[in-house]
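**Q** Take the given structure of chain R and dock chain P to it, following the hints.
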Amino acid sequence: GENVEQHPSTLSVQEGDSAVIKCTYSDSASNYFPWYKQELGKGPQLIIDIRSNVGEKKDQRIAVTLNKTAKHFSLHITETQPEDSAVYFCAASIQADSWGKLQFGAGTQVVVTP
Amino acid sequence: DAGVTQSPTHLIKTRGQQVTLRCSPKSGHDTVSWYQQALGQGPQFIFQYYEEEERQRGNFPDRFSGHQFPNYSSELNVNALLLGDSALYLCASSLNLAETQYFGPGTRLLVL
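Residue numbers (our numbering), protein chains in the order written: chain R, 9 to 122; chain P, 15 to 126.
Derived from the structure by calculation, the hints contain no laboratory data.
Hints are all accurate, no fakes.
Here are some chain R residues pointing at chain P (derived, C-beta under 10 Å):
#, residue
1, G51
2, Q103
3, Q111
Among chain R residues calculated to face chain P with C-beta under 8 Å, some are:
#, residue
4, Y40
5, P52
6, K109
Fair warning: this is a prediction, and the values are worked out from it, not measured in the lab.
Every residue, glycine too, gets a C-beta built ideally from N, C-alpha and C.
So here's chain R without its partners, still in its complex pose (with noise of 0.2 Å):
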């Protein structure tokens, strides 16, 4: 089955500075790679997502790139905000076969200081 690997497990950053978090996977068959934000105490938030078909995602501050060939894809957020702070997922789902059942990496946690 699909396996989900995400760096780095921690990321310490200033506020202001940006953000990178890294996955790669193993099916070559998944096709769709949500981004979630779990703040303490709540559920997932679906921050951007982004499908096969498409290289590059931007929303505001937020961007996810998709590179097929090597089977990974990254989460970039630009200028950090003290409530950028949270865990964020990555995950991938292979939508043809799983019915939208989604892999999770095991999260990284963000701490942007002020």
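**A** Chain P only, in chain R's frame:
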């Protein structure tokens, strides 16, 4: 626009007991998936319901079962609870088995 809701928010049970968790999907959604999130880990897929049927199942034992009602809400049942079942149980909803899933706040289960 009502988001995904789950009840209860917290629950404490003892080993061997049974538990039922409830989920109401986001307004307009008809597909419900359940995930288990152990402390410090990513969510693990349990199963997915659509049209009142289990459509996909992850690597969880038969002690985990579910149900979907005609109004699209869903229940997760866990029998013969083990200490290792302590986790945050998340419900996610989507429309027509689509890949985009929205999560609820979860139910925190503690098994003593």
